[in-house]
Structures are given as structure tokens and as C-alpha cells.
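*Asks:* As a plain string of letters, each chain reads:
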Amino acid sequence: MDTLETQRAALEAGAVSARELVDRALSAAETVGARLNTVVGLRRDAALAEAEASDSRRRSGSIRSPLDGTPLLLKDNMVMFGELTTCASRILESFVSPYDSTVVERLRAAGAIVIGRTNMDEFAMGSSTENSIYGPAHNPWDESRSCGGSSGGSAGSVAAGITGYALGSDTGGSVRQPGSFCGVLGMKPTYGRVSRFGLVAFASSLDQIGPFTRSARECAWVLEAISGHDPRDSTSLPEPSPRLEAALTGDVSGLRIGLPREYFVVDGADPAVIGAVRSALAELESAGATLVEVELPHTAHVVSTYYLVATAEASSNLARYDGARFGRRAAGVENVDEMYRRSRSEGFGDEVKRRIVLGTYVLSAGYFDAYYKKAQQVRTLVRQDFERAFEACDVIAGPTYPEPAFALGAKSDDPISMYLADIYTVSANLAGLPGLSLPCGQSAGLPIGMQLIGPAMDEATLLRVADVYQRRTDHHLQRPPTGRERAA
Amino acid sequence: MSRITREDVERTSRLARLSLTEQEIAALTRDLGLILDHADRLAVLDTTGIEPTAHALPLATPTRRDVAAPPLDPDLALRNAPLREGSAFVVPKVIEGEES
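First to last, the sequence lines map onto chains A and B.
According to the numbering used here, the first sequence is numbered sequentially starting from 1.
According to the numbering used here, the second sequence is numbered sequentially starting from 489.
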């Protein structure tokens, strides 16, 4: 009983209590989660107390939502009152939040129970969950491999069945890519769909919170609970939470799925990945969808564009870590400048420093036009590519990542190859579009993800397509070797 | 090869208030060179007259009524202060040359 759907059904049937569910999730986090290093902190007593409150609501017939009483995990970059939020960084090692993020506020209002925090790349910068003060997270499908990143701890925890769902954040693929590596569904909603209030900022024009689940239906439930306008986030869309479960009609007849020519010829893409995605598309075709070829002509430039924009924004956002008001302050500093320099140098890891320096460089006088402004202009071209493509199709499909989960350590000395592999995922962030990754096969025992990208605001169609695929296949039901159901 | 030099990295890290070790400077000079070499390929695109995108979706700056609301409790706001005194953050002396 490790999926959200089974947990919800069991709660509704009175076959299990929220207390039992939370207790089992905590135990799984302490055993499987500790072994995989996907979970970095638990709130045992508070979660159990919240579970008991949920049980008494259920007894009195006043549950708050379909998520009431269900346990989940939160990436360690979303704040929760009175709890640590470290972003897996030394500089925030002991930061205790004085407020709730909007997602946490909404999860509480839905009766959902956050049991703890998951491992991640420091400040969400990375694709492997190796840049972490807690050490690397291990993939439950093969513990010598990466969970992906930066939300690897959340993806790996759901794959291992520790909780039925978890939240991550996606700036350039950080939900979809680990979803692909771990064989779970990961959704990045439209920019502005989910409030960023209380999400520690990396690149503010790209960051978006999204859920990990097994099924499209579960994703719909979680997204309905956390999305919707929030006046405390000035980039929040002025729209109510969308009705998503109602969109899961099981019907894709007549739907046009666009296959970007550029996504199927990328140098270095694993043929097994391309093959699995093509089989999944054939399945959707036999369900009644039409496959059409489309073009995204600026695909070769999206990675550079993304890294220029993202690091520029990061260098500005991370200026707040100065040792003055919160976070680490270096010991024995004699003046303010030394406090800034030493607190930051001691507090940030290598990848974060690399991105801050790159971002500062591209924003500095003399380079601004050549790099930052140029990237913003190419960002416009990338958006226009999608606008044109969506004239010919309703949803775009392709691989999520060029390969299955790579070995831990394989790319840690080679930032360029790590960055270049983000080619399929960063465009959705640059264009603000919703995207999801769902498992569509395996290669040598490792999951493969297919990505769907939709027009802005159209999460419903992405989930409808994913749901149809899941009704016809069982890739989302596969279980990894390391997991709660298999734990002795 | 990119034009980025060791001096560029030193100057930029000073601007970013980072003190880097010799090893970090060498690694960053190499890595940033490779990254910017790649980024230089954007130059092949003619972007004359293309509006830059700062945000993907059209968003006007929202306004709200200026109504007083309960602020964050000062004790909570100061809870993460590395050093505090009463309701103030304590930092090292900012202005040089004054007698303390």
C-alpha cells in the first residue's frame, strides 16, 4: 500500500488510519530513505499528531480533501513554519523558517501530512543530487546510479514507495529529469500556476513547483490542491486552481501529438531512449491520437540560453546570503565586506559558486549585451518556436533526457556535458509551458521517461494523454529493487 | 578559445563577494571558458529587433490596496539572526574611520 491511490481508497474504506499510514511512511523513510539518502529530515512527532487530527476529522465526517491523511515529502527548498529548510547548503544548514510557504499552507488546508524533507542539489543547481551537504542520493533502481536532480530525493522516495507523492521544483528540468531517472511521473506546471511564495529562489523567471506521483490521476489531485492564484507571489497567474481530474476522459481520439524533428536526432541520445519513446507514441496512436512532425528550430541554442538566463538570475537571487540576517556567518569577521566574502565562500559549494560567478560575469558591464540580453532575445525566439508548433499540434512529445540514470560520479567533473544533456527539458521553462515526464519503458533495468509539453495553462491535456497511456500500459506500476514493499 | 582570463574570474568573484582559492580560480577559468565558448554560438542568430523576454508569460505588475496587516513577529523574524541584540541584527562596523 504505497501509492496515493491505494492509500486514499484504504482511508475511505476505513481499512487503514492516517496514523498507520504516516507511521509506516516514517519507518520507510528511516530505513529505505536512509539507505538511499533520499530523505534528509523527518518531523515524526508533528506528522503523527497531524495524522491523529486527520483521523478524528474522518471519524466526524469532515475531511478536507481527497489528500486528507495522506503522507508526503517536501524538497528541502520549500519552507515550513518551525522546520529546517537547508537547500542542501552549508549556508542554510541551520535555517528554521518563520513562516509557511503557500504550497505548505495549501497542503495543510487539504489535510495532507508532510513527513519530512528530501535531498537535492544545493539550491536546486544540478542534475544528479550529488551537490548536497548530505551526500549523494542513490537511485532505487540501481544504487550506484543517480536519482537525477535537482529534486532527486523526492523522485527517489516516491519510486521507492516511501510516500505516495512528493513535491519538487523545476527550473530547467529538475522535476521531469529525476522523474525519468526514477520511473515516476513528474510534472512542471505552467509558470505561475503554483505559487513560488516560500520556495527558495534559484532563477525566478523559470522556477516552478511540481508534484511526483505514480499515476496521472494522482498528479491531478495534488496539482489541484497546490495551484491557484496567490496574491503573495506577484507572478502568480490570476486563475483559480484548474479542474484536472475531470479532464481524464480516457479519450485521445483526434488529438494531434507533435514530434519535434530536432528531438529525435540529438547527437548522443541513447537509441534505447528514442526506441522506448517511439513505442509509447505508437501506443498513443493506436489509442486514436495523430502523430505529426513539427519543428523547434532553436533547439540547438536552448541550453546556452537557459544557462545564461538562469545563472544571471541566480547570481542576483543568491546575493541575499550575506551572513547578516540569517544563514551562516563566518566566525571572527572584522568588517562587513569580510563578513560577506567569508560567509559566502565558506557557505556555498562548488557548483553554486560556478553559477554565481558565471551569472555575475554575464550581467557585468561589457558582457551584458553579448550574453544576457542576447539570451533574453533568443528566449523570445524559443517561445515563438512553440507558438508556431502549437498551431499544428495539441501537445508535443519526445524524450525527457538523452539517457537513463547515469552512474554517480560519472559527470561530476564535467559540468558542460551535464548541462548539455538538459536539451529537452529547459525549453519548457524558457517558454513558461507545462511539461511532464512519465515512465515509458526500461533499458537494462533502468526507467526511461517520455516528456509531454503543452500550451500554457493546458496541464489538463498533458494529464489526459498520460492517463490514457497508463490505462493501456503498466510501466508506471513497475517497482525498483530497493523499495518499501521489498524491504525485509 | 574564450577570452576569459584569470583576471576576469578574480574581478567577477570580487563583485560577487566570493573569495576563491587558487585552485577554484583555475577551475573556474577553465569551466567558464568552456561554457562561454558554447554560449558564443548564440552569435550566429540574428536577433536584430527581437524583443528580449524577461518573463515567459505576459504579466502586469499587480497592485493591492495599501492596508495594514499584522507583520511577522519580530522575534520570529530575528530567530535566524547570526547575532542579535534586542530587536536588531548585529553586524560588524560598516563605516570605516570612525571612533567606536
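Bear in mind the hints are in silico, worked out from the structure with no lab data behind them.
Treat each hint with caution, since some may be false.
As the list claims (entries may be wrong) - The calculated lysine to aspartate or glutamate pairs, modelled on DMTMM-like cross-linking and capped at a C-alpha distance of 20 Å, are:
{"hint": "1", "chain 1": "A", "residue 1": "Lys-373", "chain 2": "B", "residue 2": "Glu-512"}
{"hint": "2", "chain 1": "A", "residue 1": "Lys-373", "chain 2": "B", "residue 2": "Asp-528"}
{"hint": "3", "chain 1": "A", "residue 1": "Lys-411", "chain 2": "A", "residue 2": "Asp-322"}
{"hint": "4", "chain 1": "B", "residue 1": "Lys-581", "chain 2": "A", "residue 2": "Asp-322"}
{"hint": "5", "chain 1": "B", "residue 1": "Lys-581", "chain 2": "A", "residue 2": "Asp-267"}
{"hint": "6", "chain 1": "A", "residue 1": "Lys-373", "chain 2": "B", "residue 2": "Glu-584"}
{"hint": "7", "chain 1": "A", "residue 1": "Lys-411", "chain 2": "B", "residue 2": "Glu-512"}
Said to hold, decoys possible - Incomplete in silico selection of chain A near chain B, CB under 10 Å:
{"hint": "8", "residue": "Thr-31"}
{"hint": "9", "residue": "Ala-34"}
{"hint": "10", "residue": "Ser-56"}
{"hint": "11", "residue": "Arg-57"}
{"hint": "12", "residue": "Val-303"}
{"hint": "13", "residue": "Asn-317"}
{"hint": "14", "residue": "Gly-359"}
{"hint": "15", "residue": "Val-362"}
{"hint": "16", "residue": "Glu-403"}
{"hint": "17", "residue": "Phe-406"}
{"hint": "18", "residue": "Asn-429"}
Just so you know, even glycine gets a beta-carbon here, dropped at the ideal spot from N, CA and C.
*Asks:* Kindly indicate which numbered hints from before are broken by the structure, ordering the numbers from low to high.
*Replies:* 1, 3, 5, 6, 8, 9, 10, 11, 13, 16 and 17
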